[in-house]
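Chemist: Use the sequences and the hints to build the structure in full.
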Amino acid sequence: SINIRESSYEAYHCSSEPTGVSGRFGVIRECRENATGNLFMAKIVPYEADTKQAVLQEYDILKSLHHDRIMALHEAYVTPRYLVLISEYCSGRELLYSLIERSRTESSASLTFPNILQGLDYLHARRILHLDIKPDNIIVTHMNLIKIIDFGSAQTYNPLFLKQFSPPIGTLEYMCKRKIHTFSAVQWRCLELLFSDWL
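If you read the sequence shown in full-length UniProt numbering, its first letter stands for residue 1, the second for the next number, and so on.
Calculated directly from the structure, the hints in this document are not laboratory data.
All figures in this text were calculated on a predicted structure; none of them were measured in a lab.
Be careful, since some hints might not be right.
Said to hold, decoys possible - Calculated cross-link-like contacts (lysine-lysine; reagent style DSS-like; alpha-carbon spacing at most 27 Å):
| # | residue 1 | residue 2 |
| --- | --- | --- |
| 1 | K52 | K63 |
| 2 | K63 | K134 |
| 3 | K134 | K52 |
Modeler: Right under this line is the structure:
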């Protein structure tokens, strides 16, 4: 279990340069652990009254996940103003740019899609909905591995609770056309996402 520590800011050196990846509530920076020299990704989120519950929910979900297709949480710590989520370092390209580089060939999609579904199946087996699956939140690493990132919108599955959200959670242009919060709807949206240029 990964517990939130009091400030460990001195344990890491975080870059001031953006990574090109952003989260729902915070910014993401590359950081290096001073003791080991290992690289990580730091999601720095304002830890305030209006965001605290959502931020802690993201932390609670991430610390329970252990799968090769999901960016792994390394540790978490708080400062007077921020919660910092330290996750594994995933260098690569967002899914959209990766598919463009491969000219969106059918063979490249056939390799990518099953890997995304592996991650989604793992989440759904634990009754977790990501709720913001889109190209920006899927990284193709330099080792050609798929990583699902940014759980800022994620929820533990509860159909009665999810129906209360208005407006719906997620990014509008990537939502299912119907307001359906089911596991099959998420997988269908994933299929639309990958094959939108061919359908």
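Chemist: So if I understand the rule, the pair passes when the alpha-carbon distance is 27 Å or less; does K63 with K134 pass?
Modeler: The given pair, whose Cα atoms are some 22 Å apart, holds under the 27 Å limit.
Chemist: Taking only the CA atoms, is the gap from K134 to K52 under or equal to 27 Å?
Modeler: It holds: about 24 Å lies between the C-alpha atoms, which stays within 27 Å.
Chemist: Between K52 and K63, is the straight-line Cα distance small enough, at 27 Å or below?
Modeler: holds (16 Å)
Violation of the numbered hints given earlier is absent; every hint is satisfied by the structure.
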